[in-house]
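A.B. asks: Following the hints, complete the assembly by docking chain A onto the known chain X.
What follows is each chain in one-letter form.
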Amino acid sequence: MKINAKKINKLAIGTIWALVSVVVLILIFLLGYILVTGLSDISWKFLTSTSSSISAGGGIRDQLFNSVYLLVLTIIISLPISLGAGIYLAEYAKDNWITTLIKTAIEVLSSLPSIVVGLFGYLILVIKFQLDYSILSGAIALTIFNLPLLTRSVEDSIEEVPKLQREAGLSLGLSKSKTIVGVVLPLAIPGIITGVILSSGRIFGEAAALIYTAGQSAPIVSYTDWNPFSPSSFLNPMRPAETLAVHIWKLNTEGIVPDAHIVSSGASAVLIIVILIFNLSSRFFGNWAYRKMTGTTRKKRG
Amino acid sequence: MNEIKEKLLKPSKETHQDQIGHLISLVCIGFIGILVVAILFFITTKGLATFTTNHVSVIDFFAKSDWSPSQKGPNGKPEVGALAMIVTSFAVTLLSAILATPFAIAMALFMTEIAPKRGQKILQPVIELLVGIPSVVYGFIGLMVLIPMVRTVFGGTGSGILPATIVLFVMVLPTITSMSVDALKAVPRDYRSAALSLGATRWQMMYKVVLRAATPGILTAMIFGMARAFGEALAVQMVIGNAVLMPTSLTSPTATLTSQLTTQMGNTIMGTLPNNALWTLALVLLVMSLVFNVIVKLIGKRSAFKK
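Protein sequences, first through last, are from chains X and A.
0 is the number of the first residue of the first sequence in numbering that gives the first Met the number 0; add one for each residue after it.
0 is the number of the first residue of the second sequence in numbering that gives the first Met the number 0; add one for each residue after it.
Hints were generated in silico from the structure; no laboratory data involved.
Treat the hints with caution; some may be incorrect.
[As the list claims (entries may be wrong)] Computed spacing ranges between beta-carbons, pair by pair:
| hint | chain 1 | residue 1 | chain 2 | residue 2 | range |
| --- | --- | --- | --- | --- | --- |
| 1 | A | SER248 | X | ASN226 | 54 to 64 Å |
| 2 | A | VAL26 | X | SER109 | 44 to 54 Å |
| 3 | A | LYS76 | X | ARG282 | 51 to 61 Å |
| 4 | A | LEU82 | X | LEU38 | 39 to 49 Å |
| 5 | A | SER248 | X | ARG282 | 42 to 52 Å |
[As the list claims (entries may be wrong)] Derived BS3-like pairs: lysine-lysine, alpha-carbon spacing no greater than 30 Å straight-line:
| hint | chain 1 | residue 1 | chain 2 | residue 2 |
| --- | --- | --- | --- | --- |
| 6 | X | LYS177 | A | LYS300 |
| 7 | X | LYS102 | A | LYS300 |
| 8 | X | LYS9 | A | LYS184 |
[To be verified] Covered stretches of chain X (chain A as the covering partner; in silico rule of three or more C-beta atoms under 8 Å from a C-beta of chain A):
| hint | region |
| --- | --- |
| 9 | 218 to 226 |
| 10 | 274 to 281 |
Keep in mind it's a predicted model, so treat the numbers as computed, not measured.
For every residue, glycine included, the Cβ atom is placed at its ideal position computed from N, Cα and C.
Okay, chain X solo, but in the shape it has when bound (with noise of 0.2 Å):
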């Protein structure tokens, strides 16, 4: 009987790192297969050219901006936010029916489908609102999407900060907004800044919300116009913005394009490059301004 368990202890330990390695090895599959056959597609030409919609030989130079310039948006918009609601959460809310309402809410928000916040962006901003195919419709259905994570992580963060902080604060006769601002937020901006390059990630990689509000078209613009009220600037909001994910999306399911799949792995190699640079540059400056903010080095979570 006792050998027995164990032999079971033993099978049942080797079927779980069997598991965890075919787990791992997915992972190995997965990065190689996109670098592997990606970044032999990319050359400075595949990145600074225009993409073609007929012909084969296009680049990504737009649509490597547009994700760019619409994730620069989306944070400039979603990061006050999420600031103001991370801090209502973490100081001012009281536990009562509204706060577990508000948090019920942020949840249903956070677990939305992506292609129903894209819906809604194009019901309310495209449709309604007559913003078109847009940057700004993008922009503002990014947000929606990105809100209740940022939020989480503001909150999170700011809830991390030592009680001991604000009572000093609040000793000294500062008010409360006085002691957020001052004296919480500055030692909650490490948890911040590695909440917002996460966040980023997220961001440059989604499709589904952006389809039917950013739209599937990138028009040519001026890299030398910097008017952003002009047409053909290439800052211009008002203007349709296909981004890389869109455009692997496009090109794999309506696309002519005969080296459809050429293009598609360089431009999946680029967004993973970018997002694996964001993963790994999140904890380095989140470390960093812990430092630069405290002069101390950040203590492992538990």
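C.D. replies: Just chain A now, with coordinates in the frame of chain X:
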């Protein structure tokens, strides 16, 4: 004397500051609240139009599987039966969650029980990378690798529920894993020590004590995984085949709610029946997302270990 009295009785500068700060943060949180209400309201009213304006029967919508809202059917009315898409959506969701859970539990046990330090160090980045890969890239790899594989093994077009399940399996795996890890970590250490001191092997300790105690948490993890699978649009759409037909096998081309929405929304005109019918599909997605939330809440109430 009066000046001092007045100064003391009036609210101080700090009080004003605090009121302004409170107000700003309240506006931000209020904005999010209004946003959620607006999403629920607009998608619901748009989604119900199929039944209220176009007078499609609710029973037909959920019980029939003929989908051609733009053409008149044999009875002179357009056919709006979404059953095939609903069935496919549930099929890929359930299958991928069932497939992913053993792997997720193995990962979680490895990270918490078998090799806590080393496991954490290696598997945490693995989870983060799997989360980080965008869904279009999953779809693209599915299209390039899985579909030809399925085609050579099973014949046919290669698209259908099977490749969609495999793609979703990889996509929900990190969600289920990281939440299972939290659930296992919440089990008090005493439970493990008690089991081991009674002479249990490590597997007996994991299987009979830790996993049982963490069951509500693992169920929650599965539901979250299913919610993600149910709402995933592009990766599924790229491998499912996009034919609104009742699936006859795991490799017959079919369509999910999300795939139909992504491909058709741009091809229909606002306010017409084909368009309204699509919004009803979006409403079904929204309601299911709410249902998943409610289930999580219900399981949470029964959970033994609260954070």
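A.B. asks: All the hints need checking, so say for each whether the structure fits it.
C.D. replies: Here is how each hint holds up against the structure:
1. SER248/A with ASN226/X: 54 to 64 Å: Holds - the Cβ-Cβ distance for SER248/A and ASN226/X, about 58 Å, lies within 54 to 64 Å.
2. VAL26/A with SER109/X: 44 to 54 Å: violated (20 Å)
3. LYS76/A with ARG282/X: 51 to 61 Å: holds (59 Å)
4. LEU82/A with LEU38/X: 39 to 49 Å: holds (45 Å)
5. SER248/A with ARG282/X: 42 to 52 Å: Taking Cβ atoms as reference, SER248/A and ARG282/X lie about 46 Å apart, which means the hint holds.
6. LYS177/X with LYS300/A: Given pair LYS177/X, LYS300/A is violated - Cα atoms ~38 Å apart, limit 30 Å.
7. LYS102/X with LYS300/A: Since the Cα atoms of LYS102/X and LYS300/A sit roughly 16 Å apart, the hinted pair holds (cutoff 30 Å).
8. LYS9/X with LYS184/A: holds (23 Å)
9. 218 to 226: violated (count 0)
10. 274 to 281: Coverage by chain A holds for the region 274 to 281 of chain X (4 residues, Cβ < 8 Å).
In summary, the structure is inconsistent with hints 2, 6, 9 from the numbered list given earlier, while agreeing with the others.
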